[in-house]
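**Q** Here is what each chain is made of, one letter per residue.
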Amino acid sequence: AQSVTQLDSHVSVSEGTPVLLRCNYSSSYSPSLFWYVQHPNKGLQLLLKYTSAATLVKGINGFEAEFKKSETSFHLTKPSAHMSDAAEYFCVVRNYGGSQGNLIFGKGTKLSVKP
Amino acid sequence: GAVVSQHPSRVICKSGTSVKIECRSLDFQATTMFWYRQFPKQSLMLMATSNEGSKATYEQGVEKDKFLINHASLTLSTLTVTSAHPEDSSFYICSARHPSSGNTIYFGEGSWLTVV
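Sequence lines, in order, name chains B and F. Read left to right, the first sequence gives residues 47 to 161 (my numbering). Read left to right, the second sequence gives residues 5 to 120 (my numbering).
Treat the hints with care, since some could be wrong.
[To be verified] Here are the computed lysine-lysine pairs in the DSS-like style, where the Cα-Cα straight-line distance is at most 27 Å:
1) F:Lys45 with B:Lys95
2) F:Lys68 with F:Lys45
3) F:Lys70 with F:Lys18
4) B:Lys153 with F:Lys45
5) F:Lys45 with B:Lys88
6) B:Lys156 with F:Lys45
7) F:Lys59 with F:Lys70
8) B:Lys88 with B:Lys160
9) B:Lys88 with F:Lys24
10) B:Lys160 with F:Lys45
11) F:Lys68 with B:Lys153
Source of the hints: derived by calculation from the structure; they are not laboratory data. Bear in mind that the values here come from a model prediction, so they are computed numbers and not experimental data.
Pulled out of the complex, with its shape left as it was, chain F reads as follows (with noise of 0.2 Å):
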């Protein structure tokens, strides 16, 4: 199947600072990809959908400041998590519709990220 891969797998960062998820899609464009964040014990929750050369569509109650989506090439979308807080740890996974494999979403490995 189609590959999308995610970077960093575990991050700890500081509170205040800024930490950077990239998705890449390997072997296939994907014009659209989607951010998720799970808590512990819960299901994946959508954040926003990130469109190619457009900016990304936030879901109801997630800050589109603090969470800013860059989706500047067809095999590429970033989140960056902005002046990080403990409670913005959590596991963020991202994926990417396949345009050619009846619009098939395939999920990246996901992200732990830790704010300390």
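Just chain B, with the same shape it has in the complex (with noise of 0.2 Å):
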């Protein structure tokens, strides 16, 4: 079975300083994942997503995440945060054993920058 554990509730950065959102996957296949960002009253928007093609795969906004199969992670950066990243962020895996591919959420990463 799939899942991702994120590994913080909120992180807190300030404006133009690095940011890191941490995420470990369990699967039983070579996985697809995913990060997704929500901002207040709005749907989910993908920001990136890895298929099992480059490792290092970047997204939208300056966020970039690497699959690292050997730590069984998938962390999301951003080498200087800015004030609208403020958002809550989802690690997904695509469940593959489940109804036809659907998606496994993370319990989310609050991100708040400070200016």
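Since each chain comes alone in its own frame, lean on the hints to assemble the complex.
**A** Put into structure tokens, the structure is as follows:
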């Protein structure tokens, strides 16, 4: 069975400093992994996805994530935080064993950005 | 990117009444849509998979008679919460699989349901 664990429920950074949101996964298969962002009162937006191609995945808004099989991790990073990055971030794995490939979400990490 | 729209974004209803939430894929046809529920400070949990032209597949623990799902067309799925109770108050969000975009999943904006 697949699962994801987001290690931090809340991360606070200052504007202009690096962002690191941690995610570990568990999967019996070669996983498809995603990061989604949810801004208040808005739907989920796909930041990036890993589907067994390059291990370093670049997404939108300057975010990137590196798939590390040896560490079963898929941490999300950004070199320099912007105020608009404040949101909730979800690490997600595609569930191949469930109903037609649905998504399994982590519990989310709330990112706060201080001026 | 592709657009999935949910309506209403917020709804308040009285206990015992039913409320319908719509999920539309605006610029693509989706044979498969998913309905999730998010409790406060918790992650999204899949409720059911909606298949166009056939019955929805419900996850374990989800009451199919309470959460009615209809996927009558390739662009519309509806979730009806029947005989709503205050404990049904939650954030409901749908997603749709884009068949021509590597099966990428696109999410709606979500719907806040408050049952009073």
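**Q** Each hint: holds or not?
**A** Now for the hints, and whether the structure bears them out:
no. : hint                  : result
1   : F:Lys45 with B:Lys95  : 24 Å, holds
2   : F:Lys68 with F:Lys45  : 25 Å, holds
3   : F:Lys70 with F:Lys18  : 15 Å, holds
4   : B:Lys153 with F:Lys45 : 8 Å, holds
5   : F:Lys45 with B:Lys88  : 16 Å, holds
6   : B:Lys156 with F:Lys45 : 10 Å, holds
7   : F:Lys59 with F:Lys70  : 15 Å, holds
8   : B:Lys88 with B:Lys160 : 21 Å, holds
9   : B:Lys88 with F:Lys24  : 19 Å, holds
10  : B:Lys160 with F:Lys45 : 21 Å, holds
11  : F:Lys68 with B:Lys153 : 25 Å, holds
No hint from the list above goes unmet by this structure.
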